[in-house]
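Participant: Sequence:
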Amino acid sequence: MQFVRNGPDIPERLLQAHEDGRVVFFCGAGISYPARLPGFAGLVNRLFDELVQTPNAVQHTAIKAGQFDTAIGLLEADIVGGREVVRQALARILAPDLSASNATATHEALLTLGRSRKGH
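So for the sequence shown, numbering that gives the first Met the number 0 puts the first residue at 0; every next one is plus one.
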């Protein structure tokens, strides 16, 4: 079944699974780009900037290897105030700009897709 002209053909089995509540949507950080939120690499870079920290050799290696969660963990271990300071900075960085055009459009579409025809 196609919902949009020239769009993808959605298999009937998937539609039925959705109706039965057996479908889970997995989304990456990209759905939040319209709200001006960074991807994982940008988040880590902004985190180090926000905390006025320069990555040490080990942190730099983790960042370069795309091991961003490791880099954040290493930062938490190194910085005065540790995890609490880092988490507070993350919260500031991850505040969405809801005034941006289409900031929540994809999120709203996912909520719509997540509902069955009965509205559940």
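Derived from the structure by calculation, the hints contain no laboratory data. Glycine included, C-beta positions come from ideal geometry on N, C-alpha and C. Any given hint could turn out to be false.
To be verified - Per label pair, the in silico range of CB-to-CB distance:
#1 18 - 106: 31 to 37 Å
#2 78 - 6: 46 to 52 Å
#3 79 - 3: 49 to 55 Å
#4 108 - 49: 27 to 33 Å
#5 37 - 78: 16 to 22 Å
#6 18 - 95: 28 to 34 Å
#7 5 - 78: 19 to 25 Å
#8 18 - 65: 34 to 40 Å
#9 26 - 90: 32 to 38 Å
#10 97 - 66: 27 to 33 Å
#11 90 - 32: 17 to 23 Å
#12 106 - 14: 31 to 37 Å
#13 18 - 99: 32 to 38 Å
Participant: The hint says 32 to 38 Å between residue 26 and residue 90; measuring C-beta to C-beta, is that right?
Facilitator: violated, 20 Å
Participant: Given the hint of 16 to 22 Å, is the C-beta distance from residue 37 to residue 78 inside that range or not?
Facilitator: At roughly 20 Å between Cβ atoms, residue 78 and residue 37 fall inside 16 to 22 Å, so the hint holds.
Participant: Does the Cβ distance between residue 18 and residue 99 fall inside 32 to 38 Å?
Facilitator: Holds: the Cβ-Cβ distance is about 34 Å, inside 32 to 38 Å.
Participant: Could one say that the CB atoms of residue 18 and residue 106 fall in the range 31 to 37 Å?
Facilitator: violated, 22 Å
Participant: Has the hinted range 27 to 33 Å been met by the Cβ atoms of residue 108 and residue 49?
Facilitator: Once the Cβ atoms are compared, 31 Å apart, the range 27 to 33 Å for residue 49 and residue 108 holds.
Participant: Using the Cβ atoms, figure out if residue 18 sits within 28 to 34 Å of residue 95.
Facilitator: Because 31 Å falls inside the window, the suggested range holds.
Participant: Do the beta carbons of residue 90 and residue 32 sit within 17 to 23 Å of each other?
Facilitator: For residue 90 and residue 32 the Cβ distance comes to about 19 Å; the hint holds.
Participant: For the hint 46 to 52 Å, verify it against the beta carbon of residue 78 and that of residue 6.
Facilitator: Check passed, 47 Å falls within 46 to 52 Å.
Participant: Tell me if the beta carbons of residue 97 and residue 66 are separated by a distance inside 27 to 33 Å.
Facilitator: About 31 Å separates the Cβ atoms of residue 97 and residue 66, which means 27 to 33 Å holds.
Participant: Between residue 106 and residue 14, does the C-beta distance stay in 31 to 37 Å?
Facilitator: violated, 22 Å
Participant: Does the beta carbon distance between residue 18 and residue 65 stay inside 34 to 40 Å, or does it fall outside?
Facilitator: holds, 38 Å
Participant: Residue 79 and residue 3, beta-carbon distance inside 49 to 55 Å?
Facilitator: The hinted range 49 to 55 Å holds for residue 79 and residue 3, with Cβ atoms some 53 Å apart.
Hint check: violations occur at hints 1, 7, 9 and 12; the rest are consistent with the structure.
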